[in-house]
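Engineer: Quick mapping for you: the protein sequence lines, in order, are chains A and B.
Under the UniProt record's numbering, think of the first position of the first sequence as 1, with each following residue one higher.
Under the UniProt record's numbering, think of the first position of the second sequence as 1, with each following residue one higher.
There could be a bad hint or two in this list.
Claimed, not checked - Where chain A lies over chain B, by a calculated footprint (3+ residues, C-beta under 8 Å):
no., region
1, 164-176
2, 181-194
3, 214-224
Worth flagging that the hints you see were computed from the coordinates, not collected in a lab.
Where is the CB? At the ideal position from N, CA and C, for every residue including glycine.
2 protein chains.
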Amino acid sequence: MHHHLDHAPSGAADPTLRHRVADVTLTVLGPDGRPLADTPVVVEQRRHAFLFGCTGFELIDLANGSSDPATESLADLWLGLFDAATLPFYWGRFEPVRGRPDTARIKATAQWFADRGVRVKGHPLVWHTVQPQWLLELSLDEIEKVQRDRIHRDVRDFAGLIDTWDAINEVVIMPVFDKEDNGLTRLAWDRGRVEVIRLAFESARETNPGATLLLNDFDMSTAYECLVEAVLEAGIQVDVLGLQSHMHQGYWGEEKTLRILERFSRFGLPIHFTESTLLSGELMPPEIEDLNDHQVDSWPSTPEGEERQADEIVRHYRTLMSHPSVHGSTYWGLPDTGAWLNAPAGLVRPDGTPKPAYHALRRLVREEWWLAPTTLVTDADGHVPVSGFLGDYAVTADGRSATFALTTPGAGTVAARLA
Amino acid sequence: MHHHLDHAPSGAADPTLRHRVADVTLTVLGPDGRPLADTPVVVEQRRHAFLFGCTGFELIDLANGSSDPATESLADLWLGLFDAATLPFYWGRFEPVRGRPDTARIKATAQWFADRGVRVKGHPLVWHTVQPQWLLELSLDEIEKVQRDRIHRDVRDFAGLIDTWDAINEVVIMPVFDKEDNGLTRLAWDRGRVEVIRLAFESARETNPGATLLLNDFDMSTAYECLVEAVLEAGIQVDVLGLQSHMHQGYWGEEKTLRILERFSRFGLPIHFTESTLLSGELMPPEIEDLNDHQVDSWPSTPEGEERQADEIVRHYRTLMSHPSVHGSTYWGLPDTGAWLNAPAGLVRPDGTPKPAYHALRRLVREEWWLAPTTLVTDADGHVPVSGFLGDYAVTADGRSATFALTTPGAGTVAARLA
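Given only the sequences and the hints, what does the whole structure look like? Please build it.
Structural biologist: Structure follows, in structure tokens:
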């Protein structure tokens, strides 16, 4: 059965990843639609079905024409590893002056990524921090209205380019958030969590019915489980459950990660690990509850930290891939420069060189789990066996090419017509 | 307006308790139904509307005829302070052998309390600990069925005597409880929290439509808030929200208690503080997460601890009374003997003598907030002014008496016909 695994990615034989791998017979058709018999063809993977994502914040200037060698090199590293970008829609920065949203600049960035085959997500449509100051002057009803309007506008402006949104972020704490006064906490306190979630999902869905909308949280406690039950009871259609994993206080480890996955996969929803961070330096002390409370001047990446990070990132991604509910994972920032809390959280050092974790993750994603261009010879019926991770592929022969997708794990058939 | 506060409890003038106090004109009617003019009458309080509750576990033997002087003295102390009892329905103890429930003994106890004017609550109908062993041999569907049957049976057997139930206990942790395998955790994991809550409330309501049913939890985090939202979204009628407050690691203080009340009163439901504990000895170390993990051989009550407990219990009850959403509070065990975790959690020492906290709480509940027998003289219309805490009262004159209730805060009128 697996006679053709010789040509498959080495990871395709991993028994823990069986749900990620297709093992199909590809029929290569000529431009005339007839099987291309007894011909050498080159098959190669173009993209994973699984979202190997990263924030794209640092490439906004580049995408808007402000180029420098360091950023260009960063962009190459980005595209060499990731295939899904999270772009910032923090309301307070996106629209600091009411009525003057940063649409054009972010749209150019989304287009830049899309042109390079990268899927783009907007983050977030509703959140209680990084709020516009002008919201504080409004009544609750007005806050609700402008929040709805904002969702309608941005989802409409980006439709086609961004069809995946973190619809709402961190609702567990939203109504009782006490670090700073803000309009959304007021709204969530008054209306309840479920109602602000409904507002976010309904408004986005009205404008873009086909959008993929996430509920996203950092709270991995029973609170988030209960919130998900509330949302499901309320009949709100959540497409994907977003789990953050900013591991500034240390890698969770396989056991904790799997237990979290076990708990949150019970709801039958796809899961994205929306915000993963692993440090390559000293860890944050365990007694800190709100990571924002840990502010330091300097937080260097260290050689030991970088080795640890490389080990942990591989284990983390292997764990996520091993669980069928996980459909994507977003690393929270490629470079250390500009990282949240100044933490050595990136995969690229301030001097622009990749850390071991970058190489280790790339080895996984683009080697062990990746079908590099492979020459195969079709049989008399135009068939070649293709084994690989679910995703997008191309086949070329005689200077013609076609694309096809592996969408279902296990055995199957697929056809591609060269053009 | 408050000219008659001379005859009111001293606490009636407390501005933080205005929602607890009625200030009425009582018309005393003779047996003929005509106003009793210009006659001295004695007015006295019989019971608070607010539930001043305590567990009644230690009086079960006494109520069942097994009497000794120490328990009789404990019963006197109990009745001298409390007017609401929580009785145990822990399934594993109530029905350790399937089909042989402890109904008669608990019913005699409930009757004993009812005969003494004490309101009785059953605790709990559904919980994942203290489970019968025989449940573990059943399938999920069978567990669900016997759980329903158990609720139907016990709610029916006690209807009229017990019409208030902790319908379900500690659901936040129920599905992910990992200390011991048990049927209810299995059920909650499979069906979800909302569904086991629905099971508990629906089954009890079917049998006793007029019952007061509580959702009860120790988890004061956002998780319980989210669970309440889920339950409300599911359309489950929760009559009272139960908040536990086992303060083995220290008194919460006014600020924390009020913040919790602010958070949980947002749902518009009455709140009971169902399980309050304050220690009169050393506190449990703060790093302990599950209080059950702290097992000690000896945990003495100390003089300093007793003074602290007396101070804290007064502050705790003042705080609860100050918040209009709180309709009752149950202290978790009068004697130290038999207290959970062997903690010095009671208000009565092992030698049977009351601690300062007993006297302090009694001073509040039965003096400062209590209308002792007071002689007043009716006017020409049979009126006397009565100010007092909401609750049940009696008026007597010429060897005849009548009862009346103060049910609404503020000014009003009420009539009582002597018989």
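Engineer: Which of the numbered hints above does this structure break?
Structural biologist: none
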